[in-house]
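Using the sequences plus the hints, can you model the full thing?
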Amino acid sequence: MKEKKEATETKKLSTRLEWFWFLFPSLLLIVLFFFLPVIITIFVSGTNMSSSTGFNNWKWIGLDNYKMIAIHPETPKHLWLTVKYVAVTLVFFNVGMALVISLITTHISQGAGFFFRALWLLPRITPTVIYVMMWKFLGANAPYGVINQLFVQPLGFTPQDWVPAASFLFIVLVNGYIGASFGMIIFTSAIEAIPKDIMIASLVDGASFMQRVRYVILPYIKWPLLFVTTYQTLSLMTSFEQILVLTNGEFNTEVWSLWAYHRALNNYWGNFQWGFGNALAAVLVVIGIILGIIYMRYFKFGELVQEPKIET
Amino acid sequence: MQVELVNLTKKFMGVTAVNRINIDIKDGEFVAFLGPSGCGKTTTLLMVAGIYKPTEGDILFDGVRVNHLPPKDRDIGMVFQSYALYPHMSVYQNLVFSLMLKKRPKTEMQAEAQRVADIMGIGHLLDRKPGQLSGGQQQRVALGRALIKKPKLLLFDEPLSNLDARLRISMRSEIKKLQNSLGITSIYVTHDQIEAMTMADRIAVIKNGVLQAYTEPEELHDRPRTLFIAEFIGNPPMNLFDVRLEDSGGKMYANLGEGIKLEIPPSRKPKVEPRGSVKMGIRPQDIIIDNNSDLRTEILLIEPMGRDDLIVCRVGNIEIHFLVDPVLKLKRGDSVGLKFDMEKAQFFDTETEKSLLWQ
Ligand SMILES: Nc1ncnc2c1ncn2[C@@H]1O[C@H](COP(=O)(O)OP(=O)(O)OP(=O)(O)O)[C@@H](O)[C@H]1O
Ligand SMILES: [Mg+2]
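From first to last, the protein sequence lines stand for chains A and B. At position 185 of the first sequence the residue is numbered 185 (our numbering), and the sequence of numbers has no breaks. Every position in the second sequence, counted from 1, becomes a number in our numbering once 312 is added.
Don't take each hint at face value.
In silico BS3-like cross-links for lysine-lysine, where the CA-CA straight-line distance does not exceed 25 Å [unchecked claim]:
{"hint": "1", "chain 1": "A", "residue 1": "K196", "chain 2": "B", "residue 2": "K651"}
{"hint": "2", "chain 1": "A", "residue 1": "K196", "chain 2": "B", "residue 2": "K489"}
{"hint": "3", "chain 1": "B", "residue 1": "K365", "chain 2": "A", "residue 2": "K196"}
A few chain B residues that don't get close to chain A, going by computed Cβ distances all over 10 Å [as the list claims (entries may be wrong)]:
{"hint": "4", "residue": "G362"}
{"hint": "5", "residue": "I363"}
{"hint": "6", "residue": "Q393"}
{"hint": "7", "residue": "E531"}
{"hint": "8", "residue": "D602"}
{"hint": "9", "residue": "E663"}
The hints are simulated quantities; they were obtained by calculation from the structure and are not laboratory data. In this text the structure is predicted, and so the values were computed from the model without any measurement. Think of the CB as a built atom: it goes at the ideal place given N, C-alpha and C, for glycine as much as any other residue.
Written out as structure tokens, the structure is:
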């Protein structure tokens, strides 16, 4: 009796260890490339490390960097811009446009759908600098800009330099056109994976296109929707290279991550405030985690996760 | 509703899946589309449903051309092999989905759901999700979802193929009874000939997109017009022999070779002048053991089939299958005499594969 119990205990233990070894490679990656950087970020954010202190003369200053963020006169401006930029790009492009493109291209002929989607992928495979340059030419002042040449001047309006004039619109468009292609690929494959019989059944049941989207397709692609929304929120919050190339944060386009970059690594005065920059980055990490949790609640993540298919 | 398919044709990028099919279905009739996999049954059904547009030909409902009517305006209900229930909706929501889309009042939806739930015996399952139901229960829900619209035409695409053998048999008679009592015109796609034979008023046999025959089950079984039908219909399949027809003394004989010569009764004399040798078919149940017969053979194999045993034996190069009563307790290696019931024999032209008896 006792032996048997011991045997099962050993077995349990070995199953548990099996799990560990299966997860080990990914755990290692996560620890190395996520947890360590986060810890280093938080660690540095508690110091006054900067180019003037160097790596030797820095001091612990506790939460001073965070206090500084809290009272910094530019904080509200950057924060509001970031919220606006992430929300608008996400809703209208990275999720919204992606969804619309995948819905349309899965409901037209296969060839046309494929062609249209391939077109949307072009910005993603174009080097960022070239891609952003194209936008710059698009909005450039007369006599160069495409907008000015093709629309504004022929219609008799005064030409202008469009990037500063509509800077917010430009950063949204520049990021949105690239961002949409990611969701587009995920949503398209998810929509195409819906069983054909289900689609036929909904047609026979009398669902119009919009009704089918609402009652059949969207519930079916809830998982990819959650994934793309979360992933794109985080990536919009943290990536800034397009804005860096387009405006370098001028014309009121300094989003939070760009602010952190400028403070920590690249600014006019040459004093790189690593401590303060890292505190700014840490704030983004915290916001990202909070948003992730909110999304999971909203999409009822618990219901989406199914019981394991195989019992162990 | 009366349904008519006229020269119905569907091509997919140059490949002809359905080729000039002509079928008329009477009001309240139960018609089966029977044929091997890939012969175009589903394609035809989906054209009737309005999912596919015909490349050529017409579909008429009660005499009205409906080629371009969308599925929702066709008054049809459809049942699939995969059940195709909406996985994120409860059974109740699945049932009333079509009513909900039409924005019917809640009380009506509840009453209708109750009505079909009673018919299908799924009242206790209304709150469950499809994933929590057995295959048979899911198919009942799917049937209920098709019925709730009070359709004028029911389309079934191999609805029982995913169920186990027992359930299949009980569902078979249940669907048939239901169809009978509701009197809804039905098209039932299947590759299972027993299903088609037991359920349908008429069977359309399709091969490679071409209609081979469209007639009553008995006719199909007793008077097959082509070799394909003869081979395809009937279980276990018909014996087919290459024979030479010989006249002697005013009587006609079928010479199977290996010294087997069978007299052909007048009722089975080929009506068409045959060219050279012909194919003779005879069903395993039409060959009986007769120990006075000159045709003697040794049993090679016994395959129990429940009610009968299927016996395989060989005379020279000719393999013969026939059915015997298991109480005879025959064993492998036993020697038996055989008698062919030539009143049931079929003859086909070797080249055209058309029947020489029924034209
Ligand atoms: N959407 C399509 N595009 C191209 N070819 C198709 C399409 N649908 C069917 N076909 C082809 O048409 C032929 C008939 O297909 P269909 O699905 O009607 O067969 P079926 O009789 O229903 O077979 P099964 O019993 O296996 O369901 C097949 O050769 C198939 O490959
Ligand atoms: Mg099929």
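Broken hints, numbered, in rising order? 1, 2, 4, 5 and 6
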